[in-house]
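Throw the hints in and build the complete structure from the sequences for me.
2 protein chains.
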Amino acid sequence: MTSAPPRQPPAVGVPNSTPVAAFTERELIGRITGRLPPPPAWMLVGIGDDAAVVEPERSRAEVLTVDALVEGVHFDRAFTPPGAIGHRALAANLSDLAAMGAAPRLALLSMAIPPGMPVAEFDAIADGIARLAARHRVHLAGGNLTSSPGPLVVDITAIGTVKRRQALTRAGARAGDDIYVSGTIGAAAAGLQALRRAAAPASSAVARFLYPEPRVRLGVVLARNRAATACMDLSDGLADAIRQVAEASGVGAILDAEAVPIDPAARAWFESRGADPVHAALAGGDDYELLVAVGPRLRRRLAAVAGSPGAPLTRIGVFTEERALIVRRGAHDTPMPEGYQHFRRLAEDETAPGGAEGR
Amino acid sequence: MTSAPPRQPPAVGVPNSTPVAAFTERELIGRITGRLPPPPAWMLVGIGDDAAVVEPERSRAEVLTVDALVEGVHFDRAFTPPGAIGHRALAANLSDLAAMGAAPRLALLSMAIPPGMPVAEFDAIADGIARLAARHRVHLAGGNLTSSPGPLVVDITAIGTVKRRQALTRAGARAGDDIYVSGTIGAAAAGLQALRRAAAPASSAVARFLYPEPRVRLGVVLARNRAATACMDLSDGLADAIRQVAEASGVGAILDAEAVPIDPAARAWFESRGADPVHAALAGGDDYELLVAVGPRLRRRLAAVAGSPGAPLTRIGVFTEERALIVRRGAHDTPMPEGYQHFRRLAEDETAPGGAEGR
Chain A
1 MTSAPPRQPP AVGVPNSTPV AAFTERELIG RITGRLPPPP AWMLVGIGDD AAVVEPERSR
61 AEVLTVDALV EGVHFDRAFT PPGAIGHRAL AANLSDLAAM GAAPRLALLS MAIPPGMPVA
121 EFDAIADGIA RLAARHRVHL AGGNLTSSPG PLVVDITAIG TVKRRQALTR AGARAGDDIY
181 VSGTIGAAAA GLQALRRAAA PASSAVARFL YPEPRVRLGV VLARNRAATA CMDLSDGLAD
241 AIRQVAEASG VGAILDAEAV PIDPAARAWF ESRGADPVHA ALAGGDDYEL LVAVGPRLRR
301 RLAAVAGSPG APLTRIGVFT EERALIVRRG AHDTPMPEGY QHFRRLAEDE TAPGGAEGR
Chain B
1 MTSAPPRQPP AVGVPNSTPV AAFTERELIG RITGRLPPPP AWMLVGIGDD AAVVEPERSR
61 AEVLTVDALV EGVHFDRAFT PPGAIGHRAL AANLSDLAAM GAAPRLALLS MAIPPGMPVA
121 EFDAIADGIA RLAARHRVHL AGGNLTSSPG PLVVDITAIG TVKRRQALTR AGARAGDDIY
181 VSGTIGAAAA GLQALRRAAA PASSAVARFL YPEPRVRLGV VLARNRAATA CMDLSDGLAD
241 AIRQVAEASG VGAILDAEAV PIDPAARAWF ESRGADPVHA ALAGGDDYEL LVAVGPRLRR
301 RLAAVAGSPG APLTRIGVFT EERALIVRRG AHDTPMPEGY QHFRRLAEDE TAPGGAEGR
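Residue numbers (my numbering), protein chains in the order written: chain A, 1 to 359; chain B, 1 to 359.
Worth flagging that the hints you see were computed from the coordinates, not collected in a lab. Every residue gets a Cβ at the ideal spot worked out from N, C-alpha and C, and that includes glycine. If a hint is listed, it holds; no wrong ones were tucked in.
Stretch-level coverage of chain A by chain B, calculated; a stretch enters the list once three of its residues show a Cβ under 8 Å from a Cβ in chain B: (1) 39 to 53; (2) 60 to 69; (3) 72 to 81; (4) 96 to 110; (5) 140 to 154; (6) 165 to 171.
Shown next as structure tokens:
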């Protein structure tokens with residue numbers, strides 16, 4: 001951030017509806033830093049100079065990722081609470097780090113903000129980021145605030161660490177490796193649909209769309225135990241993740257549709273709308289779960305991981321020598337559906353505003 | 001980037017006017033990676049996985065910064081060539097690293113792109129980034145591409161390294177330290193005005209606005225020689241930089257207006273328009289020069305630095321015990337003008353679209 005006094009508490013006596021345009025960049029930065037814990041000793045220079053200076057962690061490789069949430073593409077301010085916008089922006093990055101087996105360490109925040117946005121909304125976004133960051137001990141090292149003549153954009157860069165040889169990539173899966181997925185899937189897609197229709201029934205799914213829990217601990221434990229040959233997160237859907245890992249690893253895959261752990265509320269939601277829950281869950285994005293490839297020799301290590309808290313894993317298929325990508329339901333095989341294609345899909349959705357929401 | 005094949009050359013046979021919406025995110029990423037040199041050995045995992053994995057540089061602290069260029073705020077696509085958009089987005093970050101004395105190392109790129117943007121424009125932005133990156137040996141480690149329903153946003157995070165005790169901050173200036181500035185100032189502000197009015201005369205100034213040269217080498221040399229007590233870049237103007245360093249350091253400043261090295265083309269431009277060149281140069285932003293504080297004992301070290309190529313430094317004033325910020329012209333003192341205030345100024349400029357251009 002270009003000009004922040006360190007840790008200035010939020011100003012008092014400002015009406016919630018005051019637009020951010022009534023503040024200087026410096027004052028807005030102060031409203032963020034006032035929500036942060038004291039910086040750790042390894043942060044030699046924090047927010048408030050031209051750049052941050054940090055001490056790297058000893059004998060660790062660094063893992064870096066950046067992800068942006070754009071209003072009208074990834075969320076709609078009409079039905080996404082500002083706290084959820086902040087939460088999801090950081091969660092997407094933490095999920096990427098988890099997929100590499102990295103423990104998160106710090107983040108940089110860049111926001112382009114419509115000048116008319118009420119400052120209370122700005123504060124709530126900062127709260128959403130600060131709370132999730134505190135829970136995972138991620139320290140905000142700096143950032144940039146600018147005005148936007150269009151949508152709100154929340155862009156976060158996150159950096160984590162992992163032992164050099166323990167980083168999990170997409171490329172390590174081999175034919176014969178089992179495919180596992182963490183948690184349950186489909187809830188985010190169902191939650192998004194429910195939110196759009198202002199429908200109450202799928203409220204647990206709505207919460208999972210708005211406040212996804214990145215699998216930070218699972219990623220770290222998988223890496224430490226060297227229990228996985230490949231790993232990827234499901235931000236663009238399960239079908240997409242299987243396709244990406246298979247392509248990067250030079251293998252095919254057979255997915256056992258009946259084994260896919262679909263969130264019960266999501267299953268009920270899709271069935272009530274006459275949709276195929278498996279297909280909806282496969283194609284839907286925003287489940288911040290992990291896809292994990294596990295070699296035959298690693299099953300015992302995985303059992304140790306699976307026993308640890310917060311790491312529910314379900315075997316859903318196998319990577320194969322044959323390069324095809326197949327969804328198997330009993331004796332019936334179908335090709336894996338395509339994943340979400342950001343640019344093409346958006347163009348097709350132009351006639352249906354918000355059609356690309358949630359991706 | 002979520003899904004990139006490594007180093008895929010740009011596709012052939014695509015008309016330049018094809019919109020980016022006709023491509024997948026993966027194809028667009030391939031058009032960027034095809035413009036990059038091979039990744040260095042320290043980049044253990046580059047573009048194409050959930051996140052990048054890099055080996056930190058030994059016995060160095062890391063310096064991190066993020067900066068965004070937003071269409072309609074920082075540039076206007078009508079008169080900013082796409083190559084300049086890419087160049088300026090990276091230059092702003094490299095300038096921040098230089099101000100800390102850090103040697104740049106890697107960058108992450110996040111873009112929100114209007115789907116109708118011609119792919120040739122996308123390619124030219126990537127070229128602008130890739131060329132400046134190659135010149136300063138900055139390696140692109142990853143990024144994110146998404147669609148924008150509004151303006152083009154180019155957000156870059158850059159990371160550099162510096163020896164722990166050599167990092168230059170804003171807070172080290174003391175009363176009695178001389179104030180130096182690198183290069184000449186005012187050209188970017190004049191160039192921007194000329195561009196807006198489609199005026200040819202100030203063409204060297206236009207080039208300096210479009211393709212600023214961040215003072216990477218100077219920053220590194222200042223840090224290595226421990227020649228400065230404080231340093232900051234001039235992205236928000238010289239007046240702002242003096243104010244920020246003075247506030248962070250707890251001192252005041254007297255600026256000798258007649259010593260300020262104003263770019264000759266800029267001086268001619270401002271004078272032809274009846275404007276005071278000193279005031280215009282002080283208040284104008286986008287000069288990616290460095291403000292440097294130099295203690296009395298460091299003057300000899302600075303002389304060594306000033307002799308090295310690419311490091312023209314001019315003494316323009318002194319930091320003082322007295323906390324006032326003064327512009328001195330001969331015997332006449334005036335208060336330092338205010339710097340650019342992103343949010344307030346934008347609100348005031350709402351009736352004049354593009355009024356905040358260049359900041």
